Each structure stands twice: as structure tokens, then as C-alpha cells.
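Participant: Residue numbers (the working numbering), protein chains in the order written: chain A, 83 to 424; chain B, 83 to 424; chain C, 83 to 424; chain D, 83 to 424.
These aren't lab readings, by the way, just hints derived from the structure by calculation.
Since the model is a prediction, treat every value here as computed from it, not as a measurement.
Be careful, since some hints might not be right.
In this list, chains with the same sequence are indistinguishable; a pair is considered to hold if it fits within one copy or across any two.
In silico DSS-like cross-links for lysine-lysine, where the CA-CA straight-line distance does not exceed 30 Å [what the hints assert, rightly or not]: (1) K301 to K358; (2) K204 to K396; (3) K125 to K212; (4) K390 to K125.
Number of protein chains: 4
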Amino acid sequence: MISFECDYLTGAHPAILKRLMETNLAAESGYGEDEFSLSAKQKIAALCGTAPEQVFLLAGGTQTNQLVISTMLTHYEGVIAATTGHVESHEAGAIEFTGHKVLTVEEHDGKIRPEDLEAYMKTFTSDGNKDHMVQPGMVYISHPTEYGTLYGLQELKALRRICDEYGLYLYLDGARLGYGLASPDTDVSIRDIKDLTDVFYIGGTKCGALIGEALVFTKPENVPKYFFTSIKKHGDLLAKGRLVGIQFDVLFTDGLYSDICAHAMEMAVKLEKILKDKGLAIFRESPTNQKFVLLEDEVYERLSKDVKMSFWEKPDENHTAVRLATCWSTTEEDLKALEALL
Amino acid sequence: MISFECDYLTGAHPAILKRLMETNLAAESGYGEDEFSLSAKQKIAALCGTAPEQVFLLAGGTQTNQLVISTMLTHYEGVIAATTGHVESHEAGAIEFTGHKVLTVEEHDGKIRPEDLEAYMKTFTSDGNKDHMVQPGMVYISHPTEYGTLYGLQELKALRRICDEYGLYLYLDGARLGYGLASPDTDVSIRDIKDLTDVFYIGGTKCGALIGEALVFTKPENVPKYFFTSIKKHGDLLAKGRLVGIQFDVLFTDGLYSDICAHAMEMAVKLEKILKDKGLAIFRESPTNQKFVLLEDEVYERLSKDVKMSFWEKPDENHTAVRLATCWSTTEEDLKALEALL
Amino acid sequence: MISFECDYLTGAHPAILKRLMETNLAAESGYGEDEFSLSAKQKIAALCGTAPEQVFLLAGGTQTNQLVISTMLTHYEGVIAATTGHVESHEAGAIEFTGHKVLTVEEHDGKIRPEDLEAYMKTFTSDGNKDHMVQPGMVYISHPTEYGTLYGLQELKALRRICDEYGLYLYLDGARLGYGLASPDTDVSIRDIKDLTDVFYIGGTKCGALIGEALVFTKPENVPKYFFTSIKKHGDLLAKGRLVGIQFDVLFTDGLYSDICAHAMEMAVKLEKILKDKGLAIFRESPTNQKFVLLEDEVYERLSKDVKMSFWEKPDENHTAVRLATCWSTTEEDLKALEALL
Amino acid sequence: MISFECDYLTGAHPAILKRLMETNLAAESGYGEDEFSLSAKQKIAALCGTAPEQVFLLAGGTQTNQLVISTMLTHYEGVIAATTGHVESHEAGAIEFTGHKVLTVEEHDGKIRPEDLEAYMKTFTSDGNKDHMVQPGMVYISHPTEYGTLYGLQELKALRRICDEYGLYLYLDGARLGYGLASPDTDVSIRDIKDLTDVFYIGGTKCGALIGEALVFTKPENVPKYFFTSIKKHGDLLAKGRLVGIQFDVLFTDGLYSDICAHAMEMAVKLEKILKDKGLAIFRESPTNQKFVLLEDEVYERLSKDVKMSFWEKPDENHTAVRLATCWSTTEEDLKALEALL
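So that you can see chain A by itself, here it is in the shape it has in the complex (with noise of 0.2 Å):
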């Protein structure tokens, strides 16, 4: 059986659990507190052009979403996102668990266009009724998006404007960001992400690390009051900090994190080359580690028995859209075991 289903379905990348081993018996301070912590955020601090406390380790993506949108916004205020996105669609309501709406744009390609968000921003500012209605303080994307598309650098300048015309902050989540920047297709390097939005976070979880998200404020101003306690408020304040703090300080040592993403990618490219070799239609186009190819129902019950796939959705009566993944532990075996059972 080999597993394209999902980015997050082995463990760590060998060099992590390495190092856990060889720091196991230092007694460090906990709540993150410790010196792999503190290192990791310096590194990564190194890397985005920010002040090593504008950096935040935290466990999960939902978490990070719901921590950074419930302590930045007002509580009057709600946040902007696409119909597809994340925080309105698969978190159970996480955000709306805080007290804050989340007010959608129709997506396009699992985006927002800068037309959508100006027009949207239009129509509330010269509505007669908007002191009755939640105020849009933020704005929220994914790149990669939850179909695995990017935005271009212009389309990033457009929103940046936006946001700055109408005081929004711009939040980035970045669950699968290694990916997106790891990506022959994209224009946006880290340091674009880190001038034009207001906040955004590196997955870890998704690109090789067991647990781990980390959060960067682009500005010191960003980073809000007390948010140490905030995540204590929230339950998501880990004890042994150091379980997050070694991993990235691992992955942001010589370049791990761009390594094992650059990795990836190019066992993507492999994988959509031989669906389309294959004659496979495309189900969606995407430019990052997720590929999305539309399966003749007979085709997607043979292979099922060989593969793990992720069941997409069922466009028509004979045919089901699957997704297939790469990360860090999809080999060239992998690939080749399945070019033979295409």
C-alpha cells in the first residue's frame, strides 16, 4: 500500500526526532521558555526580517487561526474570508466560537480576487446600516490555498492596498507555506509575505514536522497585548514548549524547511506528470504539492486497493475527483509503484 492521501499521515522528518533524542535529558524551562524555543524563533526571525519576539511557536493550524484573528481583532469586528476558506468551512466554527463572524467573499481558484475584496469594501462603507452590522477588521487567505493554488505577487500588492485603504489587517495562513514557496509556478518569496501582510504563519504539521505552527507578526505593533496569556486563555499553551521549539529550530537550520519542501515539489511535479501522461484529466489545476485528477470510477475502485487517495468530491455519476499529496516522505519508489498501477 502506498499513501498519497494526505501531507500530514507520517511522522517527522528523521533530522527532528534526532535531535529530540540528543537534547531529551536537558531540563529546560517550560511554557516556551527554553532555549530551542528561542533559538528556532531567532532563526526564523533571521529568515523573515523580524525581531525574534514578533515569532510565536504554536501546536495546531485552527489554533493559530482562531488565536491570531480572536486577539487581533476588536470584538466587534469580524474577519474576510473566501467561501472555501478554512475558517469558514472546516474549523467547526473555531472562529465564531470567540465571538467573531466570519464574513465571506466568493472564491475564485480558492481565492480572493482584489476586485471582490474592493467591491465588497464598497458596499459596506457606503452602507446606511453598517453601524448595525459587524465591522470587517481583517483579512484572511491561504497560500497555498485549500486547493492548492497561490497567489501571484500583483495579486498580493492589490490586497495589501485594499487592506491599507480600509485599515483591514492581512492575515496569511500559511498551513502549507513551504510548499507554496517551494513552487516552480510562484512569484512570492518569504520576505514578499512578510512586507505586504500583517501577520501569517509557517506550517509545520504539513511540511514535516509532528506538531508545529509558527506565527509571525510582520511588525512589532502587530504583535498583540499579552498574548502569552491569550494562549494560556485559549488551552494552547504547551508545557514542554521545547517539543515545538526543537523542531523548528531543526527545520530552520541550513535550510531543512525549504529542503524537505523543495523535495516535495518535486515529487509533485513527477506525480502530475504521470497523471497526465497517463491521460488522467486534471480535476483542478495546481501549482503546489496537492494534485487533483478526476478518476474513472472503475479506475478509482482498482486502485484504491493499492493507493490511499483522498475521495475529492463526485462530479458525475461515473467519475470521482481524488487528491493525491506528496511531502517529505514520498519517494521516487512511490511514484514509480504507482505509474504501474496507472
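Add chains B, C and D to chain A, keeping to what the hints say.
Facilitator: What follows is chains B, C and D alone, placed relative to chain A:
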């Protein structure tokens, strides 16, 4: 430098790391649906006498408290805790964040005395304005408590009786449960806890794991509906749930959890003897792995150069109360070194 | 200056004020336990075919929506509304404030079409990720809608059937219910509403009262436990509950509520005739007391000097859509004055 | 039957009803934008020495407490109250519902003693774990308190000084403020309150209105941003805001509010004299309109047949403590009737 500062400052028991290595390449389902988590739940269920579906694996203690209290209570209910209860004092308002009030009863040695709980409920139920008040729905106790003390079996039975009389859930926070069960001074077994409470958790983070708490609902009907969805809603669902699953699977194989805590308790008994033999005053009596001792300030300062301890409080101008804790990684050498220093 | 701006801009029907005077010195229990409230509940219950214990008197509409939704839903559930539903668009996030998500279905004439609701639920229940999503628990409809339109009896029955199939509550917001019941174009009676919904409210504020909405749970088991305490918890319990009690007691004595709304509907029918006779384009068809008309900007400006109207929207450069509403205090003289001005 | 049960059991001062009649047909803007509300705000502002924009008219006391606390505090902050404070004990968790913890200080005569507040803050700020705790952000006091007692000017100044030192807001709940200001035993004026607090409200419901509380932010910068939207979000915005506006406009014209409370205080002084002359034991000393007296059970039972009183508590087997209150509608005849009965 030797450390007795706390029980969550080193990594994990080596058997856990070994197993993380062995299982690293296995591609398993996410969100806790993996084989390791299932196996861990089965072992814990067998130990406690429940079904595996009554066991949930979570990341941390405050998170678990928040989830349990906010999903078992109805929105108009509150939870009764000792004034020193962790949910009242040191969770940054995590319970109130979910809309529930913590109702307090005066602590005695960190515990709720049955007579105080009964008096509280009698007063409440006879109050003519009780419909204008938060309805008590649960009693929260920690075992060991925040002071390292333990409930006796008769005390737990008395609390249970009162909870039954007034229709309250009884919830036991077992962040350090293993030390409580391994204490030479206890008459309470895990089966007693299963029989006498409605829900409790077995602490992993402070008992040899990297992260993780195992939550046990003692009756099938106590499991909140859609609990999985609630975990997600709280931002507490780990994509790689295997990380916690593997750890609890190891801890509950061949009695490792008991062994770890028995070792720590053996170290704690010796530690207490050393402290007493050296003529130091015990600041608070504790039958578990946390020892509270009173030091002259001069001794405290000298010792601090070589020994990490937790500052507890300053009861007078010339003395400092400190806490020393043992854990899985405490060694005879650590004890000897401390003895030599004293 | 004559006013057709809205139906809540003058005071109360004179019979209400008269009764406030008559009863002023009676010392009655607070918090809605007074004789007037009890009498009002009995009259409303008799009209609707429920027990008085299923009727609650509240102050305002958004407050009522917030209370109903947050007490009938469990914490992991959301409410389905049309995109134009008041709870979605114009309550400043009052529902999300309580932790519940508003799930949207595209509106048609301000209504949820049964086929759209059914499609929504089919998609939801077949979604492999539905445990990561907010669980639908209730359908919210307004009748009349925000556009003044009405559900037909067959539509209500179809919605009821779908709600039964999927285990959803059906909640009807009747802020302007009286006008809906008095409309010449309706085939829906209050008993139909009682039979087909789980909960609804009879609007007072917009139908001749100073404040007040009468909430009716259509089955005894639908009344949330500790609802009185929840009203207090929301800050919605009036010390002098008599103020609302007296008003509803008057409104539901000798059919005054029906008479008020019948009068307003008579005025509305005449108003629509005047508008059409003057050759004005109807912007939205509405069978109730709100009429939407399209004016040339020049006409709009001229008319605004003598007539208060609600600006609705600006569909093109030369026209303005406005809303005119009738209410208990609208007179034949108002209509004649408007006719003369047009 | 005569009633001394409470101060919110009869209707409104006749001048209020008269004005409701006179203004009934005026078509005025909704949501508090009417001329009556504006006029009321101007009069209250002039009295207090603020701008009208710092005055807001709301419906009830718990609602006002909830709004003030949840909009002035940041999400990680809590409010300090006496253990007997209304927000702590009798609001059914209205504050926690908004996510904020009530932090308690032991009451003395229903008040927070400055020395206790100072000790609380000293302990908090020196606690090594304070980042794991709810941050105090406001002090809540009631004046008169729930026991009818009053803060002296020096006490208020001392509280102010401590609040300044620790960066806390000082909020005064004036549900019965008029009686406090009219008490013969007070040295505190409304201007003192304006000078020494950050926000307070002038109670209407218990001082002669049907409903309504006038909230005053003592400095322009204390008004929470988008406060109007927050009122809506809480479900507290009245469509016919005129109802409260008219009442406060009447109450603050020609000193009616003072006159009403002076009358009630005159009655209260006489009431207390009657009670003492009859040899009854005062249960709690109160300088305002609530009098607490200890009755032999036999007397209590006999008196209850003719006099409505509030049961307060049962301090021993043979006695009952009751509360008698005066208000705008209390008459000399009521007093004489009571005297005759005793």
C-alpha cells in the same frame, strides 16, 4: 546544575522516543484515527474498565479542563472548584472564555472538603434568588492537588454522594495522577476514580510524555455528543494525532506509566528524607512528587547557584519557601548532589 | 412633514398608554412575575393553542433572536438563514457573539426556498468532512421577510418536512408578524405557524407597542431549561416586566393586535394603489406593510422635503429605490397628503 | 395590602406617563437617534459635566454592567468586585457569558475597602505566575451597594488612587444612585462621581422610570469605539429608543430625579424611625432607601398578611430578617398604616 524545578522540564521517557523512531514512516490516518491512538485507547480503557470510545487523547491540561467543562455543562451552568483550583487561579480565564463561571469553595490543603461542598449546595438550593444565579453543574477537583495533596477514598466517596444528591458531575483533574496513584500514602486506585467520578484525565505531559493527556469519561452517557467536533471547534484537534497516540500506547504497555511514577515517587521519598535529615522545615506536607520546603534566604541564594528550584512564596523577611519536584529523569546522582550541597 | 419612514417611529397605540396610566399604582412582582404578564401570556397562549408557560415576553427582536438561537442550539450547532436574514446581515454579530455560526442559503425574494434548504442538507450530510464543520441545528426564517414578502402555507409545510427529516428546529422571526397575518395575500394563520414551527415570536415593537416581543415555544419540550436564568444571563430581564406585560395584555384583548395590523394593511393597500396610479415603478413586490418604489432622483429629492421615507438603494445613476411603511398611526390624511405631493 | 417590598414594583412617576402621552404621535428616528433621547443626553451631560456623546441610554442594570465590562475590558482582562457585588452574585453569569472573569475581594458592609483592593493588586503584581492569570482591568463598585450602604468621599478617592496606580478603570453601578445622592448621610455628589470614576450609570428603573439606565463615560476617551454597534451586538438596542429618551428627559427636567429620590429618602428616614421606635432590631444599618430589620417569626408572619416585604435571610430559628424599601410611590399613608400594624 541539577534541576528539581518541575516535572515537565526534561523530554520524554526514552521508550517513547524509541517508538516514535520505529513508527515514523507508517502512513496513518490523521486527526486521531490512527492505529496507535486506537491501541492506546484500548489499553487505557482496559485499565480503567471503560470502552475505548470513552477515552480521548488531548494535548494539554488547561485545554482538557476547558473542553470537559464547556462541553459537559449546559450554558447556564458553572463549575465548583477550590479557591486554589487550577481552573480558578492559573488558567488565565480559560473557563470563563467559554462562558462558564467558576464558583469557589474555600480550600483546605488544596482540597474541597465534603462538608464545605454540602454547605455550599444547601445554601444555593435554599436561596430565593437562585434563578438569578449561575447553576452549579459540576465539581472540579485535582488529584494530586496544586499543593501535592491527595483525596482519601472516604473523601471521594463523600464528594460523590453529594454530587449525586444535587445532580452534579464530578471531574478529577489528574495532571499528575500517576504520582498520586504511586504515592505510598494513598488508598485510592484508578478503578476507584473510575467508579467515583464522571470524568477524569490521566496526565501524560508531567508524567514522562512530551505532550498529552488521556481523558476518560467513566460512563458512555457522559461522553458529550459531537465531542470530536468540539475538539476541532476549540482548535485542539491535532492533524498528526499519532503523536499523542504513540506516547500513550507506550506508556500503557507493560505498566510503563506506573513504573515511571513509582520511580519518581521513590526519588521523592528519598528527597523528603534528605530535606528533613538536613533539618529543613517542611513548608507544606505533600505525599506526592512535589516537596515544599522552607529555606533561610541565605541558604536559598547559595543553593540556587547549583540547583534549579521553584520559588513558591516568601512567608517572612528571612525565609523563602521553595518547591522541589521529581520526575522520570530524576536520578540517585541528582539526590546525592543535592544532599552534598545542603 | 408626513412620515412613511418605518413602522417604529411613533409611540404606542393609545389603548396601551391608557392602560399604563390605569395600572400605574398597582404594586406587582418584578421580573415578569406580575399579574399583567401572566394575563398576557394566557391570552397569547389561548390564541396560539399552547400553555402560558410556553410564552415569554421580551424586549426586542435581536435580543429574542439571540436568546432563542443560543439556548435552543447546543454549542456545536449553527443556524441556517437566508443571506438576507436579519440574523445574518443586520444584528452586528449578535448570534456569533454567543458562539454560534450563521450558515447561509441564497435568498429568493428574501425567503429560503425549500429546495435550496434540502440541497444544503443533502450536501452537508454527505460531506466526508462534516465532523469538522458546524452542525446545522435550526432554520431561521422571517415572516414577513426583510423584503416584506411572505411564505405560503405549502412553503412552510415543505420547510417543516425537511426540518423533520434532518432534525432541525424551525424558528420564525415575526417582528412584523401582525402585518403578515393581516395581508390580503396570505394563506397562513397563526395556528398554522404554531403547528409548523418549533418557536416563533409575535412582534410588538413594530406593531403598535412601545417595546416588546412575545416569544412562543410551540411544544412544551421546546422550552429551554432554565430559560428565565438565561434571560437574566443575557442581560435581558426587565425588573419592571409589567411594562411589556401590560402592553401585550392590551394588544391581545378584544383583538386589538389584529385590528392595528388590519388598519396598517388597509393603509398599505391604498398606499400601493396611489404609487401605482401615479405611474411609479414598484422596486420590489411586497404583500405587507412595507412598499418599495423606484423614484427618479429629482422626484426623490423634491418629495423628501415633505415626506420621510427610507432610502433603500441606488440601482442606477438616475433613480433611487425607497421604502414606505404604514403602521398603527398612519392615517387617510397621510395618504391624501402623499397623493397630493406626487 | 401595602407594599415596601422593593423599589421597582409600581409603575412610573406620573410626569413620565404624561409626557409619553403628549409625545405619542411625533414620528421620530429609531435606535436612540430621536430628539427626546438627544435632549435627555444633553441634560444629563450638563448635570455631570460631560459631553452628550458620553451619555448612553440603556434598558436595564445587568445589561448595562455586561455592556460596560465587556466593551471597556480587553479580552484577557477581568473585573474586580466585592463578593457581594451584583455582577458576581446575581447576574446569572452575565459577565462570564462575555468571556470575562469576575475577580473577588472580600466585602465589608457590601463595599470594597481600599486596603483590600491595594493588597489584592500588590499580591497580583508580585506573583511570578501572573502571566498565567486573568489580568485585572477594572474595579466594579455599586453605590448604594447591594446592602444599601454608601462609599464616603475619602473611600472613593482612595479607590481612585489605587486604580490610577495600577491602571484600572473604576466603574460605579448606580442602579439606585439617586437614593445615594439624596441620603442625609452622604458626602458624595454626582460631580464627585464624575471626577473619581471612569464610567457610572444613573439608575432609572429603580428611581421612578418604567425602564432605563443612563450610562455616563466620564472622559471622552473612555467611550468604547463602535459602542452603538456593541449595543446592537448584545441585543440591547431598542428600535423605539424614544421610550427611554422621553423618560430621562422628564427625569432630568426641573430636578425631577432628585425630587423623586429626596421624597423616597424622606419616607425611608421616617420608616427607619418607626421601626426603631417600635423597638425592632436593625439587621443591617443602611443610609439609603432600603431598610433591613429583624423580626420575630411570629411578628413576621402576622405582618406579612398586610405588608409586602422582601425576605432577606433567616439568621436564627426564631427570627427573620426582612428588607423594606421606599420609592417614588411610597406615601405618608403607607407609613402610618405600617406603624399601626406594628
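Participant: Against each hint, give a clear statement of whether it holds in the structure.
Facilitator: Hints and how they fare:
1. Taking CA atoms no more than 30 Å apart as the test, K301 paired with K358 passes in neither setting, with 44 Å inside one copy and 53 Å between copies.
2. Taking the closest pair of Cα atoms, K204 and K396 come within 30 Å of each other only across two copies (14 Å); inside a single copy the shortest separation is 37 Å, beyond that limit.
3. In the homo-oligomer, the alpha carbons of K125 and K212 lie at most 30 Å apart only across protomers (29 Å), although the nearest pairing inside one protomer, at 44 Å, exceeds that limit.
4. Taking the shortest Cα distances, K390 and K125 sit within 30 Å of each other only across copies (28 Å), while inside one copy they are farther apart (36 Å).
Violated hints amount to a single one, hint 1; each of the other numbered hints is respected by the structure.
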